[in-house]
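Visitor: Chain by chain, the residues run as shown.
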Amino acid sequence: MTILSGLLRGMISGATPILLAALGGSFTFYAGVFNIAMEGMMLTGAFFAVLGSYYSGSWLVGVLLAVLGSLLLALIFILFAVVLKTDEFVTGIALNLFAVGATTYLLRQIFQVKGVFTHPGIHPIPEIHIPLVEDIPFLGQFLSGQNLIVYVAVLATLISFYIIFRTPFGLRLRAAGYNPACLVSSGVPTNHIRAYSLLICGVLCGLAGAFLSLGYVNLFSENMSAGRGWISLAAIILVNGNPLGLALISLLFGLSDGLGLLLQSYQVPAQFTSMVPYLATLVALFFYARRGRRKKRFEVI
Amino acid sequence: MIQKSINGILGIFTALLIGAVMMLAQGFDPLATYQSLFDFSLFRSSSLATTLKNAVPLVLTGLSASMAFASGVINLGQPGQLLIGALFVTLGGLYIDLPPILMIPFLVLMAMFGGALWAGLAALMRRAFNMSEFIVTLMLNMIADFFTLWAITNPLKDESAFSAMTPPITRSGWLHEIGAFNPSILIMLAAVAGMWFVFNRWNAGYEWRITGQNSLFARLGGCKVDRNFVSIMLVTGALAGLAGGMVVMAGPHRFLRGLGANYAWDGVMIAIVANSGLIATLLYGLFFSIFQTGALGMELITNVPSEIIVVLQAVTVLVIVASREYLNITLDRLAAKRRARERF
Amino acid sequence: MAAIEELISLNNIVKVYPPNVLALDDVSISFREGEIHALVGENGAGKSTLMKVLYGLVPFNQGNIFYRGRRVRFQEPGEAIAAGIGMVHQEILLIPEFTVWENIVLGSEPVDQWGRLDEERARQLVGEKIQEFQFHLNPSARVEDISVAARQKVEILKLLYRRVSVLILDEPTAVLTPQEIPLLFAELSRLRASGHTIIFISHRLEEVLALSDRITVLRKGKKVATVEAGETTRQELARLMVGRDVLFLSRRKPQTPGKVVFKTENLNFVNNQSRHQLHNIQLKVHAGEIVAVAGVEGNGQFELVNAIMGLNQPTSGKIFVDTTDITQTEILERRRLISFVPQDRGKMGASLSAMVMENAMMTHHRLNPRFILWKGLLLNFNYAQIFTDQIVDRFKVILSSKFSPFRSLSGGNQQKVILGRELLLDNPFLLLDQPTRGLDVGSIEYVHEQILRIRQEGKAILMISADLEEIFLLADRIVVLYRGELVADLPSDKTNVEEIGRYMLTGKAIPE
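Chains as they are written, first to last, in our numbering: chain U, 1 to 301; chain V, 302 to 645; chain G, 646 to 1157.
I should point out that these hints are in silico values taken from the structure, not numbers from a laboratory. Beta carbons are placed, not taken as given, at the ideal position from N, Cα and C, and that holds for glycine. Keep in mind that a hint or two might mislead.
As the list claims (entries may be wrong) - Just a sample of chain U residues kept apart from chain G, beta carbon distances all over 12 Å, derived:
#, residue
1, VAL83
2, GLU127
3, GLU134
4, LEU259
Claimed, not checked - Distance condition first, Cα-Cα at most 27 Å in a straight line; then the derived DSS-like pairs of lysine-lysine:
#, chain 1, residue 1, chain 2, residue 2
5, V, LYS525, G, LYS867
6, G, LYS1139, G, LYS908
7, G, LYS867, V, LYS638
8, G, LYS908, G, LYS963
9, V, LYS525, G, LYS865
10, V, LYS525, G, LYS1139
11, G, LYS904, G, LYS963
12, V, LYS305, G, LYS1047
13, G, LYS904, V, LYS525
14, G, LYS865, V, LYS638
As the list claims (entries may be wrong) - Pair by pair, the computed Cβ-Cβ distance ranges are:
#, chain 1, residue 1, chain 2, residue 2, range
15, U, GLU127, V, LEU628, 20 to 30 Å
16, U, TYR55, G, SER1053, 52 to 62 Å
17, G, THR1151, V, LYS305, 56 to 66 Å
Whenever a hint applies, use it, and build me the whole structure from the sequences.
Guide: This is the structure:
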């Protein structure tokens, strides 16, 4: 029983940052923006979360600062890719590297450490215990007692679905991805839509980053996003952007994370267990590719 | 040509400006910082040689990315291919011993083989299972990272060392400086020349280039696009692997943790800022090396953390790429205005 | 005499496409309220550009625009639409994955109190509009499922939904069958009757004369004349358009076809992904014969071309060229037998950023031994230059340098290079897909000349074309593709435009 609950617990923690980043990426995906900067936005969010939490003593400030930090990156993306019409792929890669460099630099400058910053003064995001729910026999321990951000992620999934499929903004968002010329001809400036999608992505990736450094663990380490941004990109492509599908596939990736931890207890070396999520992505891609090509929004993949 | 140079100089200048602003905000002296930067990379006696040597992995990975992108192949696996190339060189250097005249070429081949193998895996997955090489090479990067970490922590670990690393490879595989300059520089230049030749004079190279510009047209013209894809992955993988080999042979002579550093992602950036042009890749690679080599010295003199270089590099790339488009559009617009005036 | 109100006037418009293409050279034109005004000219004359300038899609360099007495300058289509001017483009700009109602309300969506898209209200509003203009559309149908003519109606309705009073239509008849064209005209006349103003861009003179009140002719970026439709003839318009007398005669001389060069047997293509399929195609082309494939776009032409060229695999059946079964062969081998001029130069026929020379040598670099040095590995660039010069000479291509990018050539010259490249392969079979689309009259005449010349030399030619006039000018036999089937196979002198049109529209000869 404990193995299973350990696995499920790991699954939820592993899934949350991927889901949030993927939700953010899905808005840009639908808008037809080739956004690969989720990795950088998450990392920036993680750093600023720790910064805010440490200096203000409040996790809420940490989360807010994380969102702002990630939004800053999104704004730079908008400046280059939307306003100056720089290639989106290039902008994304450059921003990811910029984020790595800037966070490492600031880590040294502000906290005077290299590698990892950890301190009891970092206030983590609390867990939420729901009174009646936590008494439910088996599920209770998972439905209640999760980190706040986990519940935020669930909410975000539902809200994202609503926005994308039930509102005029969502209609225009999808139109921008399918045929921007059509949208322009309908009198809607496509650039605005793309900018909004990037801002939304910034917010969600900021939350993902905050979870990484104030929820999952309680520290900041160099490059701590560890490729999760790429996994969330893979997730988006595999489910063609649908938020509900993203929730499911994030759970799968989270499971592979948990599986890795489980394998460690069976003497499998840590390096191999760390590979599990990436191997899982390859496996998922294998099944995806076999189903044949779906309607592509980008010509790259 | 001139336009590209203006573009480049403008971008670098802007990046330096932004860096200066960042430094001032932190209370550092930008002029002294930049002076020591260029001092340590160009003007002191051994600086130039060091800068050239440090440029080797940058240019090689940049070449790998440039050739791939210019051929329409999204090989982003240079980080992993570099590591596997370095691993193969380490393996070769630990278990085989030959006189230097044979050992060096042998290890070079091992490096290229390792890189080609890792890229070949991605190529296989694409050809056999239709899996996009974009995602696969990225995932293989992380997997190579962990795999090589395991290798140097367990089977190949040097027990006498205090952290994860292998014992040094046999001395006959070391690339020693000749005078002030390291032979790896020659290998880098040979690679650039070789690739230029392949791309511009080889039958296959012509097909690769056209495929990169319009793969449907190439395919309809009879180019064997799928077979070319595999060749490109293998060749660019070999280049990245060679970079890894050079790092081991000309550097610490063993595989240590963090060997690859940021070389490969820098290589991708170099390819981007060079717009996948081969000569431009060489030039920007040298330039990035100036930044990076000078950064350490800069830190010694003025205490500015060397990580600021990463920021400067990213800014340079963004500014150059953004202004490239803008420069083109602006020049075209100006020409259009002139034409409108002189219609007769 | 009372002055007639000018609804829209464009004065002294100059437009240069960067860096130096003078598209509009001091053009002044005005439109009256409630008229149907046609804008004619050959491809590249500037008709579309002029309207794009008005609509705010492209900026202009000099001149001014007046609308309802006020000076205006629309920065983007949204502003033009808000002012009451709407444009339907040549390429249908709809979202195929969305439904009719979603496409129509996009940008002006009705919402309920929760900010939610009010689907019911949207359907209702769209339904009302459909009734009002008698358009016969199903609001809930997905755009990718409806006919091309219906899609055009959706585009028009989209603008009417936003209450535009001026409708600009860019080459609307290019995608319609002969039977559908009068229906469109009837709708446009109804719209005029209800007070709308219609600006109609076309290069088809018969239609323009039938429908419009006034006609303006543009030539090479300049306005040549504005005439009353009742006071001019097709001949005169053609002369104004091109600057010389244009002959509408066919120079095709009858000749006996030779042996079968191209043949398909029971060719089938069924695919879950593709909406379009091929069913039991039996097609033959003889040496010295031109067979034209007519059909509304999207009835299997794309799949047929792909199957012949080797881009997709037919589900069953065979393809033969010169008695060789090429159904499974790879593309390079097919290119020893098939020359191909594709529909879309930029997408399939060339690399726009590569040099002219690099485009000219494609395929020849593998098939012509003079290109190959040293065991097929090195390219003979000297010969490549000589070869390119040959093409430029023989096909009278106008260019500044064979090393300049392909995109620097005009459309007509690009097509000449592509044609030259393909013809120099000296293959027995030639596949042409819309060979004169987008070309100016001079280039069209030249291409037609070349096609007839190689017909005389005994090559077999399969030509897909949306231009019925071109088909009747060149083809010996005409086949019609309808929903993936060949529904007709007739000698061109035993049929006419109406009959072919009926086959295209319904798949049958008998009118519905």
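Visitor: Verify the proposed pairing of LYS525 of chain V with LYS1139 of chain G, using a straight-line Cα cut of 27 Å.
Guide: Given pair LYS525 of chain V, LYS1139 of chain G is violated - Cα atoms ~44 Å apart, limit 27 Å.
Visitor: Regarding the pair LYS525 of chain V and LYS867 of chain G, is the alpha-carbon distance no greater than 27 Å?
Guide: violated, 47 Å
Visitor: LYS908 of chain G and LYS963 of chain G were given as a pair; does the straight-line alpha-carbon distance stay at or below 27 Å?
Guide: holds, 8 Å
Visitor: Looking at GLU127 of chain U again, its CB stays over 12 Å from all of chain G?
Guide: The claim holds: GLU127 of chain U sits with its nearest Cβ about 32 Å from chain G, beyond 12 Å.
Visitor: Do the alpha carbons of LYS867 of chain G and LYS638 of chain V lie within 27 Å of each other, as the hint requires?
Guide: holds, 18 Å
Visitor: When you take the CB atoms of GLU127 of chain U and LEU628 of chain V, is the distance between them in 20 to 30 Å?
Guide: The hint (20 to 30 Å, Cβ to Cβ) is violated, given that GLU127 of chain U and LEU628 of chain V are roughly 53 Å apart.
Visitor: Check the hint pairing LYS865 of chain G with LYS638 of chain V against an upper bound of 27 Å on the C-alpha distance.
Guide: Answer holds: LYS865 of chain G to LYS638 of chain V is near 19 Å, not above 27 Å.
Visitor: At 12 Å, judged by beta carbons, does VAL83 of chain U keep clear of chain G as stated?
Guide: holds, 16 Å
Visitor: Given the hinted pair LYS525 of chain V and LYS865 of chain G, is their alpha-carbon gap at most 27 Å?
Guide: Violated, at roughly 42 Å.
Visitor: Would the non-interface assignment of GLU134 of chain U survive a Cβ cutoff of 12 Å against chain G?
Guide: holds, 32 Å
Visitor: That 52 to 62 Å hint for TYR55 of chain U and SER1053 of chain G (C-beta), does it hold up?
Guide: holds, 58 Å
Visitor: Take the C-alpha atoms of LYS904 of chain G and LYS525 of chain V, compute the straight-line distance between them, and say whether it is at most 27 Å.
Guide: violated, 32 Å
The structure shown violates the earlier hints numbered 5, 9, 10, 13, 15.
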